[in-house]
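Asker: Given next are the chains, with one letter for each unit.
Protein chains: 2
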Amino acid sequence: MATMAALFAKTPTPTHPFPNSSTTHFAKWSNLPVLGLTGTAGARRVPERRGISCSLIEPDGGKLVDLVAPPGLARDRWRREAAACPRINLSRIDLEWVHVLSEGWASPLRGFMREAEFLQTLHFSALRAADGSFVNMSVPIVLAIDDAQKRAIGEQRRVALVGPDNKPVAILSDIEIYKHNKEERIARTWGTTAPGLPYVEEAITNAGNWLIGGDLDVIEPIKYNDGLDQYRLSPAQLREEFSKRNADAVFAFQLRNPVHNGHALLMTDTRRRLLEMGYKNPILLLHPLGGYTKADDVPLSWRMKQHEKVLEEGVLNPETTVVAIFPSPMHYAGPTEVQWHAKSRINAGANFYIVGRDPAGMSHPTEKRDLYDADHGKKVLSMAPGLERLNILPFKVAAYDKTQMKMAFFDPSRPQDFLFISGTKMRTLAKNREDPPDGFMCPGGWKVLVEYYDSVASSEGSKLREAVPA
Amino acid sequence: MATMAALFAKTPTPTHPFPNSSTTHFAKWSNLPVLGLTGTAGARRVPERRGISCSLIEPDGGKLVDLVAPPGLARDRWRREAAACPRINLSRIDLEWVHVLSEGWASPLRGFMREAEFLQTLHFSALRAADGSFVNMSVPIVLAIDDAQKRAIGEQRRVALVGPDNKPVAILSDIEIYKHNKEERIARTWGTTAPGLPYVEEAITNAGNWLIGGDLDVIEPIKYNDGLDQYRLSPAQLREEFSKRNADAVFAFQLRNPVHNGHALLMTDTRRRLLEMGYKNPILLLHPLGGYTKADDVPLSWRMKQHEKVLEEGVLNPETTVVAIFPSPMHYAGPTEVQWHAKSRINAGANFYIVGRDPAGMSHPTEKRDLYDADHGKKVLSMAPGLERLNILPFKVAAYDKTQMKMAFFDPSRPQDFLFISGTKMRTLAKNREDPPDGFMCPGGWKVLVEYYDSVASSEGSKLREAVPA
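Chains as they are written, first to last, in the UniProt record's numbering: chain H, 1 to 470; chain R, 1 to 470.
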């Protein structure tokens with residue numbers, strides 16, 4: 001993976017401050033702020049900024065939240081104080097949320113939600129700031145405890161949060177404990193209560209009947225020691241990287257799947273169009289989700305290997321691409337979740353967000369249909385409170401063009417020339433060690449996928465062998 | 001009911017323009033704009049207004065929507081045009097929504113929701129206006145059609161809406177037809193998909209799989225010819241009445257139950273406190289809901305008789321009370337619905353809204369608990385986008401004080417002195433022709449309730465007799 005670290009190269013291109021636009025609908029290319037032409041548009045405010053690092057989009061709430069104690073005495077103090085608090089054991093997903101909160105992805109949120117924040121999230125997908133304005137917040141970031149833990153806390157005002165290795169990772173202060181109405185949480189977040197939603201089964205069904213909110217202080221940066229920590233850049237580190245590269249536009253691409261050449265086409269085409277608009281150095285944030293995913297998604301480590309090949313083989317340009325891991329767990333909550341995916345990237349410095357068909361969607365767990373309408377994600381995203389500053393770029397449909405033998409934007413005037421290769425189809429090919437059409441994915445990337453499915457098959461085989469009585 | 005018509009008496013008290021305050025939390029009495037003192041508060045904007053009628057709170061969107069054709073030629077024209085359109089038959093509840101829309105209770109909404117409005121309602125409980133600001137809109141106002149109706153409409157751009165008497169009542173223009181995902185609508189509106197929600201069973205379960213939105217033009221005012229139409233005052237008529245009475249504050253009380261003396265205490269106490277704050281003539285809008293209610297609620301006609309007695313017997317002061325019927329159907333959707341109940345009253349001129357325990361709540365249809373947390377309604381209401389201009393007045397708990405032999409505000413220092421008489425208890429007493437404690441409800445009002453339950457019993461008896469074979 002050393003190759004990928006080298007991708008954080010410096011580019012010498014000078015930068016321009018980019019406008020803090022306030023479209024509430026899709027960024028139509030013709031409507032987007034064009035540098036040098038903003039004066040003619042009239043309505044858009046182009047803030048005067050000094051210095052390159054200030055030119056990135058402001059984080060929600062104006063200041064990036066950072067909840068990690070500085071090295072040294074502060075950490076020692078928190079450790080001592082944690083030792084004196086009631087202990088709450090964190091699940092893997094809880095720890096991922098601690099990570100998310102600690103680095104300010106959810107800015108201005110400063111800890112697990114109290115009831116007022118939880119209710120605003122469920123009802124409005126937005127939190128009201130002190131000045132009356134809204135920041136987007138669509139997914140509840142909450143911590144569940146059970147009756148026994150609630151009793152153990154009693155009247156105490158703070159608790160220690162303990163990691164899977166049994167060491168305290170954080171203190172939650174000025175706590176508020178309130179009812180965890182799981183049914184209502186699920187219904188309002190997913191728009192269904194059907195059994196079989198992956199996040200629900202993993203993190204909610206068996207969770208406690210209370211939620212505990214409060215202000216979070218994290219003792220030291222969250223690390224996973226899985227060989228991938230160097231790609232887990234915080235929003236502050238990403239902003240620093242974009243500034244170093246003199247980015248004058250940052251466009252984010254959220255993904256939890258291998259990158260095929262259709263994705264790549266979309267990303268390179270986005271850059272081309274941003275250049276046409278007058279940006280001098282648009283930078284792509286290729287931002288795979290690194291937290292909990294469902295069992296049949298390709299695991300993070302394999303996806304990272306695949307992304308590495310995509311850059312090594314030049315499908316994406318390392319000079320203008322930053323690859324990093326987004327530490328959030330995945331809800332598969334469609335139009336509700338895509339807002340979280342977009343909002344968190346504002347905090348990381350992105351002012352353009354690419355949204356695809358059925359973002360964060362999946363099949364309905366009990367009916368033969370997709371859970372969400374494929375267009376609702378981008379529609380909801382374009383109207384969401386608190387995302388006015390973000391330019392939403394709807395995904396164009398790419399498919400395999402048999403006449404060109406490569407991925408291309410679908411041309412509705414000659415549908416017979418195009419082949420749609422679904423995720424299921426892709427996985428089936430890779431599992432069966434069959435090759436996709438030339439030009440669907442770079443060869444190195446495809447090889448990683450085939451290796452992954454081989455490893456699954458052999459591990460299933462060994463499990464099967466173990467299951468046979470000796 | 002002639003007595004009630006007389007309640008719309010004029011009061012000669014001069015008026016003051018009242019401030020257009022922007023609290024986002026509960027109106028604490030100490031924080032409310034006090035006339036003559038607004039300058040000291042600093043933050044509150046007191047708009048300069050000319051003339052008394054302009055002093056009422058502005059409707060959402062700035063202008064009250066009125067979708068009813070003026071008498072004469074316009075109505076004839078709409079009737080002719082309706083005859084040439086595909087016909088959509090309206091259910092009783094659909095017609096109630098046409099009524100609601102036609103008079104501007106849902107201003108600035110101008111017809112049944114198109115998909116963008118529907119999605120914003122489900123996800124944000126608010127619609128974004130052209131200027132980027134939000135108006136509250138928490139309950140979907142939608143019209144369902146089935147596959148056959150959709151086919152019959154084909155490519156036509158408008159449809160006639162036909163009332164239960166088979167006559168066209170309105171035209172829906174510039175229509176948009178989109179999928180009716182019932183599961184998602186129910187989950188996001190009620191926070192549950194459990195079977196047995198009254199509105200769902202009545203209006204959604206068997207409705208068509210498509211929704212049709214568009215601009216509504218209503219041929220003539222909606223009338224029910226049930227002897228109660230004179231109490232169905234439109235928002236415009238209510239505003240006129242408040243202006244005639246020189247109201248300088250209007251406080252609304254939404255209800256769907258008989259008024260007992262605890263309610264009355266709350267309303268008279270609210271007026272007393274508004275007077276203390278410096279308002280000269282606060283007017284109460286006693287506003288029973290008149291649309292669909294579930295089977296075990298007391299029907300509207302009986303409730304109106306009961307309210308009449310409450311005013312006749314002086315429990316509420318007719319001089320400072322306007323009784324009118326709110327034409328909306330009831331969702332029983334708790335914190336989601338209470339926003340609709342509040343927002344629609346802004347459009348009718350109310351700038352204070354009294355909110356009780358568990359507003360618009362009911363028992364969970366399948367579990368032994370209330371569907372909503374009793375405090376969530378007021379919490380959500382206090383944070384809702386688009387309701388910033390409304391002063392929310394949380395309900396104080398009233399109970400029967402055995403030492404005073406009357407309804408009084410509950411005093412937690414002497415709980416043993418108080419008797420809580422639930423709705424169920426009240427109904428059981430009335431059904432059994434037992435008297436409640438003296439001072440619980442005015443005698444005339446109680447008599448109406450007893451008569452109602454007698455009529456139910458005798459009709460059940462007669463049904464029983466009919467069921468016996470001759």
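Warning: the hint list may mix true and false statements.
[Said to hold, decoys possible] Calculated pairs, EDC-like style, for lysine to aspartate or glutamate (alpha carbon to alpha carbon, straight line, at most 16 Å): (1) H:LYS179 with R:ASP370; (2) R:LYS182 with H:ASP373; (3) H:LYS406 with H:ASP296; (4) H:LYS182 with R:ASP370; (5) H:LYS182 with R:GLU367; (6) R:LYS179 with H:ASP373.
Please keep in mind that the hints were generated in silico from the structure rather than gathered at the bench.
Asker: All hints are to be evaluated individually against the structure, with a verdict given for each.
Answerer: Outcome of the hint check:
This hinted pair checks out: LYS179 of chain H and ASP370 of chain R have alpha carbons roughly 13 Å apart, not beyond 16 Å. With a CA separation close to 13 Å, the supplied pair LYS182 of chain R and ASP373 of chain H stays within the 16 Å bound. For the hint linking LYS406 of chain H to ASP296 of chain H, the alpha-carbon distance of about 27 Å lies beyond 16 Å, and the restraint is violated. Between the alpha carbons of LYS182 of chain H and ASP370 of chain R the distance comes to roughly 14 Å, so the proposed pair stays at or under 16 Å and holds.
The suggested pairing of LYS182 of chain H with GLU367 of chain R holds, with an alpha-carbon distance near 13 Å, which does not exceed 16 Å. A distance of roughly 9 Å separates the Cα atoms of LYS179 of chain R and ASP373 of chain H; the hinted pair therefore holds under the 16 Å criterion.
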